[in-house]
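Trainee: Protein sequence lines, in the order shown, are assigned to chains A and B.
Just so we're aligned: 21 in our numbering is position 21 of the first sequence, and the numbers increase by one with no gaps anywhere.
Just so we're aligned: 126 in our numbering is position 126 of the second sequence, and the numbers increase by one with no gaps anywhere.
No lab work stands behind these hints, which were simulated from the structure alone.
Errors might be hidden in some of the hints.
Unchecked claim - Now the in silico label distances, taken between C-beta atoms and shown as ranges:
| hint | chain 1 | residue 1 | chain 2 | residue 2 | range |
| --- | --- | --- | --- | --- | --- |
| 1 | A | D65 | B | A96 | 35 to 43 Å |
| 2 | A | A57 | B | G63 | 26 to 34 Å |
| 3 | A | T76 | B | R91 | 28 to 36 Å |
| 4 | B | T150 | A | D65 | 26 to 34 Å |
| 5 | B | A19 | A | E23 | 47 to 55 Å |
| 6 | A | D65 | B | A170 | 34 to 42 Å |
| 7 | B | G166 | A | D63 | 27 to 35 Å |
Said to hold, decoys possible - Computed far set for chain B versus chain A, every beta-carbon distance over 10 Å:
| hint | residue |
| --- | --- |
| 8 | L10 |
| 9 | G63 |
| 10 | E67 |
| 11 | N84 |
| 12 | A87 |
| 13 | R88 |
| 14 | D89 |
| 15 | R91 |
| 16 | D97 |
| 17 | G136 |
| 18 | A171 |
| 19 | R174 |
| 20 | G177 |
Where is the CB? At the ideal position from N, CA and C, for every residue including glycine.
Now for the letters of each chain:
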Amino acid sequence: MPTCQEVAEQATEYLEKAMPRRERLGVWAHLRVCPNCRTYLRQFMGTIALTRRAAAAAPPPDDEDRLVAAMKAARTPGAD
Amino acid sequence: MALDEDAALLPRLRAGEEAAFRELVRRHHGRLVRLAGVFTGARARAEEAVQDAWVVVVTGLDGYSGEAPLGAWITGIVMNKARNRAARDGRVVSFADLARSEAEGPALEPGRFMPDGHWAERFSAWPSPTPEREAGDRQLLARIGDALETLPPAQRAVVLLRDVEGHEPAAICRALGITEANMRVLLHRARTRLRDVAAALIEPAPAKRSIPATRL
Ligand SMILES: [Zn+2]
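The whole structure should be built from the sequences, with the hints applied where relevant.
Mentor: Here it is in structure tokens:
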């Protein structure tokens with residue numbers, strides 16, 4: 001069975017399902033008996049969700065009014 | 001972001017309604033600037049590339065088939081604009097070279113484990129978001145956003161494309177010119193780093209595990 005260190009270093013391969021079946025079963029078996037690694041992995045997955053929200057909550061455009069006006073002009077028939 | 005939320009805007013966007021443009025920009029602009037920055041470098045150039053892309057988006061709305069979600073269609077246009085902009089600026093980034101230098105050594109310091117490979121720290125479950133904690137959450141998200149900006153460029157590229165944009169590994173590897181093994185190593189380092197950042201904010205004092213007396 002892999003150690004905590006090996007499980008932590010393989011967390012992405014495990015989640016991306018990019019591991020040979022034998023190794024995958026090893027990680028799975030470790031997680032069954034190691035609550036600390038289970039918590040770590042749950043935090044690891046939680047981080048992916050947090051990252052998605054963090055990337056969306058980014059600053060607005062430098063000049064939103066000007067941008068929206070440019071979009072409206074581009075959408076208006078006959079406009080150049 | 002629910003896909004149908006954008007689809008609901010479509011008729012108003014096609015009608016040229018200013019409020020609908022504003023809503024769409026507010027939903028996507030920030031994420032798109034981050035993504036464009038992967039190719040253009042400086043934020044100011046990313047901002048310009050995305051602003052140019054928005055004009056392409058609204059003029060092309062009649063050609064949007066609805067097959068892909070609107071957000072994904074916009075993402076494709078932005079990536080093209082950003083790559084063209086980078087090429088025009090003579091900024092050719094080799095993600096394969098970056099991947100090699102960014103992927104050395106383990107993602108986690110060996111000192112965080114005991115000699116037998118067990119964790120030397122104890123984790124506790126993170127609370128799920130609640131309305132009462134909204135202000136704290138906003139701060140947490142802002143700090144994670146900052147951490148995203150300070151990741152090495154290839155790691156940032158991969159985490160944005162995979163975890164934020166949700167692209168398939170094969171498509172990401174084509175876009176960046178790296179192998180899937182490269183991609184997973186970069187992704188792993190980025191996720192590990194971001195988890196550490198989040199953990200430091202959520203559980204401010206990670207207690208070192210003391211070795212139980214029975215094991216001495
Ligand atoms: Zn473990």
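Trainee: Of the hints stated earlier, which fail here?
Mentor: none
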